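Visitor: Chain residues, written in single-letter form:
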Amino acid sequence: MSGVATLTRLGRSEAEDFLFHEAALLDEWRLDDWLALFAEGATYEVPPANADDGVRSAESLFYIADDYERLGYRVARLNDKGAHAEYPRSRCVRMISNVRILNQTAAGCEVSSVFITFRSKADVTDTYFGRHRHVLRPVGGALKIASKRTALDMSSLRPQGRVSIIV
Amino acid sequence: MLDKLDSGENANPWVREDIAGARFKVSRKAFVDEAILKLEREQVFDRCWLYIGHESELPQINDFVARSVGGRDLIFNRDRSGQVRAFYNTCPHRGAQVVREPRGNAMSFQCFYHGWAFNNNGAFATRFKDGNYPPDFNSDGCANLKPVTRLESYRGLYFVCFLDTVESLHDYLGNACEYIDLVADQSGAGMEIVAGEQAYSMRANWKLLVENSADGYHAATTHQTYFDYLMKATGGTADMSTMGGGDNRGNRGVDLGNGHAVVEGYAPWGRPVANWIPPWGEAGKVEVARIRADLESRLGFATADRIARKSRNLIIFPNLVINDVMALTVRTFYPVAPDFMHVNAWALAPKDESEQMRKWRLFNYLEFLGPGGFATPDDNEALELCQKGYRNLKEVGWNDISKGMLRAEPFGDDESQMRAFWREWGHRTREGALQGVGA
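Here the protein sequences line up with chains A and B, keeping their order. Counting in my numbering, the first sequence runs without a single skipped number right up to 167 at its last residue. Counting in my numbering, the second sequence runs without a single skipped number right up to 1439 at its last residue.
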């Protein structure tokens, strides 16, 4: 993937390259490499299905609200066969589309995308869909994720039942 | 409870208890059979007190929540005079659901199909044109929203019942009231449901989640990765000897009667009320000490110590679970099919909790609980594997729930909690079973 030295020139195709690469790492279950995409201090959040856009994990119940440290533990857990929900591992394909650069500031570049994720395990296939909101910023010459929020645009988590994968 | 035991020829064929031999078996048919689910709907969900919501979900006059309870769609609301009510969410005219938003605030409800409108106390509020209906058309209330048959509350928890002949909610809860008090008393300012709902599902029979919700036995193996995380995240200070095995340090399972049961004991996680862990730092230590002192001043040392240091998983028959663990969760679940259930879970917290402690509470909640937690998805997997395993029921037909039957005071990782549930379930479904349902 491309190194990006400054934020102000981040274009849509570079953002797409980054998001497609991230999706490929997850599809291939290369979770340590995926974790390495995050900047130290990054956050990863999944609000509950049907939640309002502005909802905050400090005051409202989410599905996932990881700080950087717990995100590391999440990856370690998913790499362990003791994470029974994902053992044997799901087969997944992540479709990323409608990529838009929302704004660019010194703090980072805010990128919105829509996704469809298919998860298949033991003859059952579930579909997840919604929007990712990434804040990307260059760290040491490479683009890193400063925050990622995955909003599930579904009325409930039925019949999927769990977000044991990184959607 | 012994008074719920039916034996000999009158025994429910799906629940076999052999006290002398210390064996307790449940037929796997109970998890897969459509006819048994129909029987459960009639004998359990149509006749028991079922949780609908918490008073804090209706803080303002005219607030409402739409909620599915026991196979019905209900409106749970506070009317214009402040009274809490529950209605069947169906237009008395032709049946359409009247309220379509999950929650809101409204003086009245209107069915959009033909425009029939109702005050939020249920009274029909549209003026009929002369000649369309007789002048006394609504004299029997047939045009009003129908109130749910029974609605009662205990310590802020509201329950409904669809049968008017059952005992009061307080009598139904019985010994479980003590454990609800241990939750309701965690703040002098009262408790509230935190914003945000986890509405999810499991591809498993609903009774598997009853069993799982107060099962100390499965923790060490099913949730090994959670405890690995906890050890590391809390700096290795978590006292893992508190989990199962050993002398159990006062951890116990208690049959509370009426099918209710609890497992109570020490656990290695942090508790917002009120057990400090290192990640909360010195500021957290001060805050936890303040909360602890408040508990002691209101409730005395013994109760304060019990609330602060012990965890509790409470089952209210048939399907309300209050887990007072690393956070506080209220959870209900209903069968959609023998092998599929809908689950709803909320976080409960002190109304006067500090912003920081609320943040830690929700962080704690998500470390274990819910569809993205480090533990619940593995429970989900275990339950779904059980459901799959029951495909073999013709050859391998019985579950074993015997652990700890020989102990006078069962441990928290014994199975007395499940036996309490199954005795009540067996009692309520016995007649149908003896009449050949599911045969």
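Think of the hints as simulated: they come from the structure by calculation, not from any bench. Model, not experiment: these values are computed from the prediction. Treat the hints with caution; some may be incorrect.
[What the hints assert, rightly or not] When the alpha-carbon atoms are kept at most 20 Å apart in a straight line, the in silico PhoX-like pairs for lysine-lysine are as follows:
#1 Lys121/A / Lys1388/B
#2 Lys1029/B / Lys1394/B
#3 Lys1025/B / Lys1403/B
#4 Lys1388/B / Lys1025/B
#5 Lys1285/B / Lys1310/B
#6 Lys1025/B / Lys81/A
[Claimed, not checked] Between beta-carbon pairs, the in silico distance windows are:
#7 Arg56/A / Asp1140/B: 25 to 35 Å
#8 Phe129/A / Ser1354/B: 47 to 57 Å
#9 Asp80/A / Lys1388/B: 46 to 56 Å
#10 Gly1082/B / Arg56/A: 26 to 36 Å
#11 Arg1094/B / Thr125/A: 33 to 43 Å
#12 Ala58/A / Ala1020/B: 25 to 35 Å
#13 Ala1035/B / Val124/A: 46 to 56 Å
Note that beta-carbon positions come from the ideal geometry of N, C-alpha and C, so glycine has one too.
Visitor: Please go over all the hints and tell whether each is borne out by the structure.
Guide: How the hints compare with the structure:
Under the criterion of a C-alpha separation no larger than 20 Å, the hint pairing Lys121/A with Lys1388/B is consistent with the structure, at around 13 Å. For a cut-off of 20 Å, the pair hint linking Lys1029/B to Lys1394/B stands: about 9 Å separates their Cα positions. Between the alpha carbons of Lys1025/B and Lys1403/B the distance comes to roughly 11 Å, so the proposed pair stays at or under 20 Å and holds. Among the hinted pairs, Lys1388/B with Lys1025/B is consistent with the structure: their alpha-carbon atoms are about 19 Å apart, no more than 20 Å.
Note on Lys1285/B and Lys1310/B: the hinted pairing holds, with a Cα-Cα distance of about 18 Å set against a maximum of 20 Å. For the suggested pair Lys1025/B and Lys81/A, the alpha carbons sit about 31 Å apart, so the restraint of at most 20 Å is broken. Arg56/A and Asp1140/B have their C-beta atoms about 49 Å apart, which leaves the hinted 25 to 35 Å range violated. Hint check: Phe129/A to Ser1354/B, Cβ distance near 37 Å, so the stated range 47 to 57 Å is violated.
Checked against the hint of 46 to 56 Å, the pair Asp80/A and Lys1388/B fails, with Cβ atoms roughly 23 Å apart. In this structure, Gly1082/B and Arg56/A meet the distance hint of 26 to 36 Å, their C-beta atoms being roughly 30 Å apart. Between Arg1094/B and Thr125/A the beta carbon distance is about 38 Å. The supplied range of 33 to 43 Å therefore holds. Range check, Ala58/A to Ala1020/B: Cβ separation about 56 Å, and the 25 to 35 Å hint is violated.
In this structure, Ala1035/B and Val124/A break the distance hint of 46 to 56 Å, their C-beta atoms being roughly 25 Å apart.
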